[in-house]
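**Q** Protein sequence lines, in the order shown, are assigned to chains A and B.
Start counting the first sequence at 0; every next residue gets the next number (numbering that gives the first Met the number 0).
Start counting the second sequence at 0; every next residue gets the next number (numbering that gives the first Met the number 0).
Hints may contain errors.
Computed cross-link-like contacts, SDA-like style, restricted to lysine to any residue with a CA-CA straight-line distance of at most 25 Å [stated by the list, open to error]:
1) 55(A) / 160(B)
2) 59(A) / 240(B)
3) 55(A) / 341(B)
Label-pair restraints from in silico Cβ distances [as the list claims (entries may be wrong)]:
4) 348(B) / 92(A): 45 to 51 Å
5) 323(B) / 124(A): 46 to 52 Å
6) 350(B) / 61(A): 38 to 44 Å
Covered by chain A, according to a simulated footprint, are these stretches of chain B (three or more residues, beta-carbon under 8 Å) [as the list claims (entries may be wrong)]:
7) 36-43
8) 245-259
By construction, these hints were calculated from the structure, which means they are not laboratory data.
No experiment lies behind these values; they were computed from the predicted model shown.
Backbone N, C-alpha and C fix where the C-beta goes; we use that ideal spot for every residue, glycine too.
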Amino acid sequence: MLHGTDRRLVRRLLRKDPRAFEEFFSANFGHLFRFCATRVPYPDQCEDIVQETLVKAVTKLHTYRGEAALFTWLCGICRNEIADWYRSPYARRLQSGDLRPMDADESLADGEARDTDESRATREVVHLALDQLPLRYALALEWKYIHGYSVAEIGVRLGLGTTATQSLLARARRRFRKLWVELEEG
Amino acid sequence: MASQETRGRIVEATNVDRDIHDLLSGMRPTEAPSEDARRRVRGAVYRAWQELPERKWMSRRAAPWALAASAAMATVLVYVAAQHILVREPGQQAIAQILHESGGYTVRGNGTPGTGIEAGAAISTSSSGRLMIRLGGNVALRLDTDSQVTLADRDEVMLRHGRLFVDSNAFLESGAGSRSAANGNVEITTPEGVRVSNVGTQFGVSIEDRRTSIAVREGTVRMSMGDASTTASAVHGIGEVVKIEDLAEVSRRPLATTDARWAWIHKAQPDFDLESASVLEFVHWASRELGLALVFESDAVRLHALTVRLHGPRIAAVELNRTDVMGIVETAPSFRVSHAKDNRLIVGFRRE
Chain A
0 MLHGTDRRLV RRLLRKDPRA FEEFFSANFG HLFRFCATRV PYPDQCEDIV QETLVKAVTK
60 LHTYRGEAAL FTWLCGICRN EIADWYRSPY ARRLQSGDLR PMDADESLAD GEARDTDESR
120 ATREVVHLAL DQLPLRYALA LEWKYIHGYS VAEIGVRLGL GTTATQSLLA RARRRFRKLW
180 VELEEG
Chain B
0 MASQETRGRI VEATNVDRDI HDLLSGMRPT EAPSEDARRR VRGAVYRAWQ ELPERKWMSR
60 RAAPWALAAS AAMATVLVYV AAQHILVREP GQQAIAQILH ESGGYTVRGN GTPGTGIEAG
120 AAISTSSSGR LMIRLGGNVA LRLDTDSQVT LADRDEVMLR HGRLFVDSNA FLESGAGSRS
180 AANGNVEITT PEGVRVSNVG TQFGVSIEDR RTSIAVREGT VRMSMGDAST TASAVHGIGE
240 VVKIEDLAEV SRRPLATTDA RWAWIHKAQP DFDLESASVL EFVHWASREL GLALVFESDA
300 VRLHALTVRL HGPRIAAVEL NRTDVMGIVE TAPSFRVSHA KDNRLIVGFR RE
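Taking the hints into account, I'd like the entire structure generated from these sequences.
**A** The following block contains the structure:
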């Protein structure tokens with residue numbers, strides 16, 4: 000299935016239509032930031048990663064074929080950017096506690112939302128499982144269970160009808176559960 | 000009425016759903032990005048997008064007469080603009096010279112066409128203007144659109160807003176055949192108090208709101224912020240981008256020396272005139288534009304490259320790619336050019 004609306008938007012972007020840029024940025028920036036923020040707990044780093052993602056995306060717009068929704072395509076780029084970031088020496092120093100950036104999430108250290116070793120380990124396994132899922136499955140699960148979107152809203156984002164979205168969510172849950180068990184046992 | 004098997008499937012599905020709900024809903028809730036973040040990211044993405052159509056258009060080869068006409072028009076524009084804008088006070092020495100202009104720009108301060116710009120001049124580019132300025136020695140400064148600098152001296156530039164690029168080894172002086180070309184030190188300062196200095200390198204500095212970004216494409220730069228300082232380097236084709244806000248480093252990421260985000264610098268410089276240029280001059284220019292490390296297989300190759308002349312039209316850097324470079328050099332029968340994975344451009348003698 001080709002995503003005609005997204006392809007048209009990309010064609011307008013390539014024709015340098017200013018309104019197309021506003022549509023593209025407004026529709027994707029916030030969602031992409033949240034996608035990144037569930038994986039990288041430093042808002043400043045997220046800003047940087049999302050900026051890299053969008054800059055890279057606009058330089059590669061001509062390669063977008065509409066085979067996936069535009070946002071899904073952006074998330075694919077963002078996922079690679081996040082992986083690159085985690086490989087960087089800066090991220091390793093942050094992870095090891097050598098560095099504490101100004102924007103570190105203080106909620107992880109306050110009394111009310113103290114992060115236990117157990118919950119941190121659980122989050123890491125969840126991230127690992129999500130990152131091993133096909134992107135559309137991961138997005139659908141995140142939108143439903145983390146961001147609380149309805150099936151219809153998820154369908155719009157993925158360019159699917161309600162039944163197809165429900166079916167995709169069911170497959171995503173099965174794959175996630177299988178991966179979860181494997182990772183817990185492994 | 001549902002069969003026992005169907006009811007079992009429903010119970011199982013509900014349990015699976017609840018498990019996953021429990022696991023995922025325990026993930027950190029994410030907040031919306033701040034307006035400042037939104038504005039900064041939008042600015043950077045918008046700039047990249049603005050570059051896009053021009054780059055696609057420029058990927059087609061322009062006719063040589065069109066390139067020549069553009070160059071002539073640019074020269075006339077630079078001269079006319081300089082005649083109208085620059086007012087020189089006698090007795091002062093020029094510290095910089097505008098080598099290339101496209102779009103509009105203004106200079107406030109002292110200078111004259113031909114002899115150039117004097118210390119203290121403030122230079123601004125318009126929303127479509129770009130400049131290449133020679134600061135002295137081999138140092139070239141390129142200014143992107145909507146940028147402003149003050150030239151305190153030939154080795155000290157204050158970037159007030161926008162984006163600039165420094166190449167401290169931009170030009171081959173006549174007779175230069177030695178391995179170490181003359182290098183220039185330049186210090187870029189920002190209103191926030193960030194100081195960026197280099198030794199023999201290529202780097203860019205940009206300001207967006209209160210955030211300064213330093214991107215290193217070659218060599219090493221030192222950044223000083225109040226009492227603190229840090230360095231950033233480019234090694235084996237991978238440079239770094241460091242972002243500084245409130246005099247503190249807030250992020251650091253790798254950036255390939257060949258990344259498309261360097262493309263804007265090609266638009267802020269004159270075309271390269273291939274006619275009668277030496278092989279050495281051409282590969283020096285091309286490797287620096289493409290972000291490749293230039294390697295000669297031996298001193299004999301380098302020396303020969305200095306003496307062999309090439310023929311052809313003017314070349315815009317924005318049109319250049321590695322294959323073109325190889326093809327152009329190999330029109331000289333004695334040379335062979337290859338490209339290594341770590342972004343080295345290797346020039347050697349052709350083997351029979």
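**Q** Hint by hint, note whether the structure agrees.
**A** Here is what the structure says about each hint:
This hinted pair checks out: residue 55(A) and residue 160(B) have alpha carbons roughly 23 Å apart, not beyond 25 Å. Annotation: proposed proximity of residue 59(A) to residue 240(B) holds, straight-line Cα distance about 20 Å (limit 25 Å). Between residue 55(A) and residue 341(B), the direct Cα distance comes to roughly 21 Å. Compliance with the 25 Å bound is thereby established for this hinted pair. At about 46 Å, the CB distance of residue 348(B) to residue 92(A) agrees with the hint of 45 to 51 Å.
Take residue 323(B) and residue 124(A): their Cβ atoms lie about 50 Å apart, and the range 46 to 52 Å holds. Taking 38 to 44 Å as the suggested C-beta distance range, the pair residue 350(B) and residue 61(A) conforms, at roughly 39 Å. Residues of the stretch 36-43 of chain B lying with their CB closer than 8 Å to a CB of chain A number 6, which satisfies the three-residue condition for coverage. Evaluation of the coverage hint for the stretch 245-259 of chain B: fulfilled, as 8 residues show C-beta separations to chain A shorter than 8 Å, against a requirement of three.
In summary, this structure violates none of the numbered hints.
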